[in-house]
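Chains A and Z, in that order, give the protein sequences. The opening position of the first sequence corresponds to residue 208 in our numbering, with each subsequent residue numbered one higher. The opening position of the second sequence corresponds to residue 208 in our numbering, with each subsequent residue numbered one higher.
To be clear, the hints were calculated from the coordinates, so they are not data collected in a lab. Every residue, glycine too, gets a C-beta built ideally from N, C-alpha and C. Careful: at least some of the hints might be erroneous.
Residues of chain A placed beyond 12 Å of chain Z at every Cβ, according to the derived structure [as the list claims (entries may be wrong)]:
#	residue
1	Leu288
2	Pro329
3	His397
4	Glu402
5	Ala421
Here are the simulated lysine to aspartate or glutamate pairs, DMTMM-like style, with alpha carbons at most 20 Å apart [stated by the list, open to error]:
#	chain 1	residue 1	chain 2	residue 2
6	Z	Lys396	Z	Asp274
7	Z	Lys230	A	Glu219
8	Z	Lys230	A	Asp374
9	A	Lys230	A	Glu292
10	A	Lys396	A	Asp386
11	Z	Lys487	Z	Glu414
12	A	Lys230	A	Asp256
13	A	Lys230	A	Glu253
14	A	Lys230	Z	Asp374
15	A	Lys230	Z	Glu219
16	A	Lys230	A	Asp295
17	Z	Lys422	Z	Glu466
Number of protein chains: 2
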Amino acid sequence: MEIVRRVHSMREIAQRARSRGLKLGLVPTMGCLHEGHLSLIRRLDELADVIVVSVFVNPTQFGPGEDYERYPRDLTRDADLCIAEGVDYLFAPEAMEIYPPGPRTHVEVEQLSDWLEGASRPGHFRGVATVVLKLFNIVQPTVAAFGQKDLQQAVILRRMVRDLMLDVELLVLPIVRDDDGVALSSRNKHLGEDERAAARAIPRGLEAAERLVAKGETDAAAILHTARETIESVEGLSIDYLELVAPETLAPISSLEGEGYLAVAVHCGTVRLLDNIALKPPV
Amino acid sequence: MEIVRRVHSMREIAQRARSRGLKLGLVPTMGCLHEGHLSLIRRLDELADVIVVSVFVNPTQFGPGEDYERYPRDLTRDADLCIAEGVDYLFAPEAMEIYPPGPRTHVEVEQLSDWLEGASRPGHFRGVATVVLKLFNIVQPTVAAFGQKDLQQAVILRRMVRDLMLDVELLVLPIVRDDDGVALSSRNKHLGEDERAAARAIPRGLEAAERLVAKGETDAAAILHTARETIESVEGLSIDYLELVAPETLAPISSLEGEGYLAVAVHCGTVRLLDNIALKPPV
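In isolation and in its complexed conformation, chain A is listed as follows (with noise of 0.2 Å):
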């Protein structure tokens, strides 16, 4: 596995295996990659010929006062991981060369953008939409993979690709739970133990409000009350958000006819937590 450093690099290295025919499938992260990470890794090896992921830990998407500086950073370990999965190249770009300095251009996807994560985090999918189609640009990929653990983020990528007419196919593949159910983020590693016993419960409330719908409850205000009682029982959790949404356009809604998202955001000590589950009435 080559380590590529620089953008210009990086886009020769594509070009090259373009112009062999080669199929590239491309992984965006921001590096301490944990087994959320692989298992897109490992399906788009079915997929694609040289697999490239890149670490970046993207400053325009964090906030001011939100958790750039402290948010994990693990090369080594990245690298080490990339290879046992047989990754071709890790490129891991400076953020200067992502972004020289000078005026700034920016892509933003309306109306999706302002509400649940968007409304918590200003400008978070404009960091977010620009720095893919960056990567996308450079790398140029065939396929490229994300979790369903950022739902907004893949409904505004999906948007975006479909939008600006990009010709990649995006991937988005389901959430991967450690064993006591708390969905994999490189943010878990700030969770103390206690932090970390008590984010069990947003799963359990995800979990007990796809129980009340496999009953038969379809009123989103009961679907929600069931999940947020489950939440904030347990201390050490505040809510920030917890909507059911609809899947493509992230609309609100107030009874589950066709299929939905339960998306949730929760502050856990320090850390803030995103999880949501795809929730259908029983046929």
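With the hints as your guide, set chain Z onto chain A.
Structure of chain Z alone, referenced to chain A:
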């Protein structure tokens, strides 16, 4: 020559050409082609194997109350001109395909977009950058050509290409003028006879400034004064802006040390005309 109306067809045609190792050249236009556009086509013909001219009157770069509805359109004549120039594909998509319903993704180049044209036409360059990015993504040209008449557009697109790491070379080619000095523009069609005569004062004003610079004047105020006096001496012309700016940043300059651009927008009857000239102190 083939007229292509659908995005997916254009994309397939371009993909086929690229897979055969051919270089694509793109001339994005709003149609109503004139010698300025033809000069772009002829130059690209020397650099690319397959020439695509897009004709799309882009609604998002027109503000409320601007001339979107009455912008001149003549696809039959455009097609004839393109055939005569040996163009391979005329891409004339429907607005519905370029802007499908639902949330929209847009691209913006900060700072550069807010003044000169951007001050008079808020959102204009957001529309321009977004549609050009879409066209680039559909056609994926090796090289694309634009006219120097739209100075600020050229600077913004150059920055967008660099900043989004797009794999396309931008060519910006000189203004083509009519025998009377007036810069060619599709909007000139709307000029009445008297207005057309008045419009000649615009290039005369720029030339007067050029002569002053040739004599050694470097003070922006003096240069601007000369151009303004020439233009405003003619009845029926009203200057929207007249500025001496730096080439890359478009920042106003108070003294002409290196190269600068004298850029002007003038209302002439109901038509708004643009022009500019590069100025450089004598060595």
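In ascending order, which of the hints set out earlier in this document are inconsistent with the structure? none
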